[in-house]
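Each residue of the sequence shown is one higher than the one before, counting from 0 in numbering that gives the first Met the number 0.
For the record, the hints were derived by calculation from the structure and aren't laboratory data. One or more of the hints may lead you astray.
[Stated by the list, open to error] Quick list of simulated restraints, FRET-style, between CB atoms:
| no. | residue 1 | residue 2 | range |
| --- | --- | --- | --- |
| 1 | Gly-20 | Lys-99 | 38 to 44 Å |
| 2 | Pro-202 | Gly-10 | 41 to 47 Å |
| 3 | Gly-141 | Leu-65 | 41 to 47 Å |
| 4 | Gly-232 | Ile-60 | 22 to 28 Å |
| 5 | Gly-131 | Gly-10 | 54 to 60 Å |
| 6 | Gly-42 | Pro-62 | 24 to 30 Å |
Small disclaimer: the values here were computed from a predicted structure and weren't measured. Positions of the beta carbon are idealized from the N, C-alpha and C atoms, including for glycine.
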Amino acid sequence: MKSTVRARVVGRLATMGPGFGFLIVFLAVPLALVLSYTVFRRGRFGGVVYEATGENFTRLIDPLYLDVVIGSVKLATITTLLALLLAYPTAYMIARLPAKWKVIALVAVVLPFWTNFLIRTYAWIVLLNSEGLVNSGLDALGLGKIELLYSDGAIVAGLLYAYLPLMILPLYSAIERLDPQLREASANLGARPIRTFWSVTLPLSLPGVLTGCVFVFVPSLGNFVIPELLGGGRRIMVGNLIRDQFLKARDWPFGSVLALSVIGVLVLLLFAQAWASRRVGRDA
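Let the sequences and hints guide you as you build the complete structure.
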């Protein structure tokens, strides 16, 4: 009996050990270091001086940094809303396709991820610069050239392109799981298609909506590559600020506070998503 229990424990450790080891080494330990750095001071020449202080947290409300945070939240929110408006009808149509076409459509959705992220971002520079394809087309139509690159609009376009699939996939999953008999019952009771959508489809797909919003909002908030390349460094977002604190200013404690604040936003959004999912499941 004991040998059987011991063999079962050894088997579980052998199966789960590598995964847990990876999480501990590459997630738990770095997160613990970031958390510990938040209460220490920056050294005179950078790095960390192990003297406790709360100054790093009070600097978050400094107008200079607060403007960066507010601007980042604004752009991330705009990106998330646009992604939701584009992704919901796309996911809805994919869910209603025949089985063989669903596979093709889903492959098309994830196809951009098969290309390097930087290459895809540089492609937008080619499209949006003054001599790019978009401005060339506008000029050919007699509309003249528009300054598209190095603007907030270019940043939003880049973020939207990068993270739109992360909105489509959870929405598709949520809509695909809906019981078609619920829509049929709504139609049999005399509800029009638009009423069925607002009363049945949308409320029941809310968990997918919230999941997609989390998947788009958080990486948009922390992205620093797209604002640097498509924004030309004119717009500083939270991701750029965190990178600069670690690599340029060498202020690791304040950089850790900023990074931890982004993680905190993620945790809060995940709790909100889980709460909404449970409530929708209970009401259904």
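Verdict for Gly-42, Pro-62 (Cβ pair) under range 24 to 30 Å: At 26 Å between Cβs, range holds.
Can you tell me whether the CB distance of Gly-232 to Ile-60 sits inside 22 to 28 Å? For Ile-60 against Gly-232, whose Cβ atoms are near 25 Å apart, the range 22 to 28 Å holds.
Could one say that the CB atoms of Gly-141 and Leu-65 fall in the range 41 to 47 Å? Taking Cβ atoms as reference, Gly-141 and Leu-65 lie about 44 Å apart, which means the hint holds.
Is it true that the C-beta distance of Pro-202 to Gly-10 lies inside 41 to 47 Å, as the hint says? 44 Å, holds
Pairwise beta carbon distance, Gly-131 to Gly-10, judged against the given window 54 to 60 Å: 58 Å, holds
Given the hint of 38 to 44 Å, is the C-beta distance from Gly-20 to Lys-99 inside that range or not? Since the Cβ atoms of Gly-20 and Lys-99 sit about 41 Å apart, the hinted range of 38 to 44 Å holds.
Hint compliance for this structure: every hint is met.
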